[in-house]
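Undergrad: Sequence:
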Amino acid sequence: MNTSDVIHNSGIEFGTSGARGLVIDFTHSTTVAFTLAFLIHLKKEFVFKEVALAIDNRPSSFGIAKFCASAIINMGMTPIYYGVIPTPALACKAMAENMPAIMITGSHIPFDRNGMKFYRPDGEITKKDEVEIISTSINFDLSLFKLPHLTCSPAAKNYYIDRYVRLFPKNFLAGKHIGIYEHSSAGRDIYAELLCMLGAKVTSFGRSDEFVPIDTEAVSQNDRDLAKIWSQDYELDAIFSTDGDGDRPLVADETGNWLRGDILGLISAIELGIEALSVPISCNTAIESTGKFTEVYRTRIGSPYVIEAFQDLSKNHKNIAGFEANGGFLLGSDVSFGGHTISALPTRDAVLPLLMLFSATKTSCISSLVRALPERYTFSDRIKNFGRSKSDILLNYIRSNAPLFIHELGMAAKVINIDVTDGLRLILDNSDIIHLRPSGNAPELRCYAESDAVWKAEYLVTSVLKFLSEK
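Sequential numbering from 162 applies to the sequence shown in the numbering used here.
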């Protein structure tokens, strides 16, 4: 077998973050091919003898991890298995130990799929690395790759907790009652421990024995209703949750309203004293409107693009960071905070923005902090089982017929600008924004909208998706 041939024929492709595909396509040979290609590529630049491994709670993840471990061992290296932990916990520990890492996770994508996220010793791989991985060609004999026994180390979990506990006094969250919506999040056994160590009262709920693919950019109506019930019944100051692999936060205020991820990121960046930001094109324009940042660099959607922009930003700025509309916060440089230094973590993280939110609220509540921001509101959702080719045809048509599309939606506004940085972004003369793009991780068509009122943004998304689903 040849790594390049196996990868190209596998049905597994790199998306916005990691290699994703159907569980049935993550065979022993395919997983070995990706792992070998990744490690061979890294050996051109780094020296290492150990490779970190971790998984999410998907039933298929442990088996895929064993496939990875067989390839690591075959190359004469040692797999260090950290079990079920959040992706940023794995990345944080691997960077500290100067070793590469592989996270087996499908994040928020449908149950029948999974994925592999790859980390260099200095952080998440870039799009350039992805090209090198799929181009690496080496022959291998699968019969030589025996599945090992994996023993779980708690070191990454402990290191991740310590990263944040040491930043604050033990009573930092004293008087705060935080609910943790556990579902099947990879970090569900970590978050309560961490928050309690900082003085919070914690109530956990919603734990699931079956995997639940929570999408922080498309929160279900059921989860929106539950948050309001939980907030009222338990008298909570906030609810915290994440997506499946714990790198995208989902935070509700004291009334049970889920915060948009880019609003959470914006508050966090301001509290951290960030000078320059890298954010995807889909993020709220309130970021620029605050006037809090020297530079805001807009990228395509996906953490590798956000990370690539850090290199340019670092030339002129000291404190740099990025975040996405899904809430994931990426720290692009070491940052001083409260007399401590938070080391750079150039991958999505869910815990840092939660703690910065509480630091920013001080004696006030979360909702009042959000209300103080410029009044721009976003909403997003998607049509599931919508193939990439179908999305491309549709977007090309809309781009060529944008005024007609807006008219067919029953809107009086006019299109004044079209942005094709990633997908199709229509800017209207009433300041509303409609953004369509095919998902990079699953066969879905995503719609984002921005307006000057919450209900308007939600109405735009609902109307557009209803219209397109009937076409």
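In short, the hints are calculated from the structure, not lab data. Cβ atoms here follow ideal geometry from the backbone N, Cα and C, with glycine treated the same way. Watch out, some of these pointers could steer you wrong.
Stated by the list, open to error - Computed spacing ranges between beta-carbons, pair by pair:
id	residue 1	residue 2	range
1	330	210	37 to 45 Å
2	581	292	51 to 59 Å
3	366	495	31 to 39 Å
Stated by the list, open to error - DSS-like cross-link-like pairs, simulated, lysine-lysine; straight-line CA separation at most 27 Å:
id	residue 1	residue 2
4	551	523
5	575	337
6	523	289
7	627	617
8	289	331
9	337	389
10	307	205
11	362	627
12	617	632
13	476	545
14	204	289
15	389	204
16	632	331
Undergrad: Please go over all the hints and tell whether each is borne out by the structure.
TA: Hint by hint, here is what the structure shows:
1. 330 with 210: 37 to 45 Å: 39 Å, holds
2. 581 with 292: 51 to 59 Å: 22 Å, violated
3. 366 with 495: 31 to 39 Å: 36 Å, holds
4. 551 with 523: 48 Å, violated
5. 575 with 337: 47 Å, violated
6. 523 with 289: Judged against 27 Å, a Cα distance of about 42 Å means the pair is violated.
7. 627 with 617: Judged against 27 Å, a Cα distance of about 15 Å means the pair holds.
8. 289 with 331: 42 Å, violated
9. 337 with 389: The given pair, whose Cα atoms are some 17 Å apart, holds under the 27 Å limit.
10. 307 with 205: With Cα atoms ~26 Å apart, residue 307 and residue 205 stay inside 27 Å; holds.
11. 362 with 627: 42 Å, violated
12. 617 with 632: 23 Å, holds
13. 476 with 545: Violated - the C-alpha atoms of residue 545 and residue 476 are around 41 Å apart, more than 27 Å.
14. 204 with 289: 15 Å, holds
15. 389 with 204: 50 Å, violated
16. 632 with 331: 56 Å, violated
This entry does not satisfy hints 2, 4, 5, 6, 8, 11, 13, 15, 16, going by the numbered hints stated previously.
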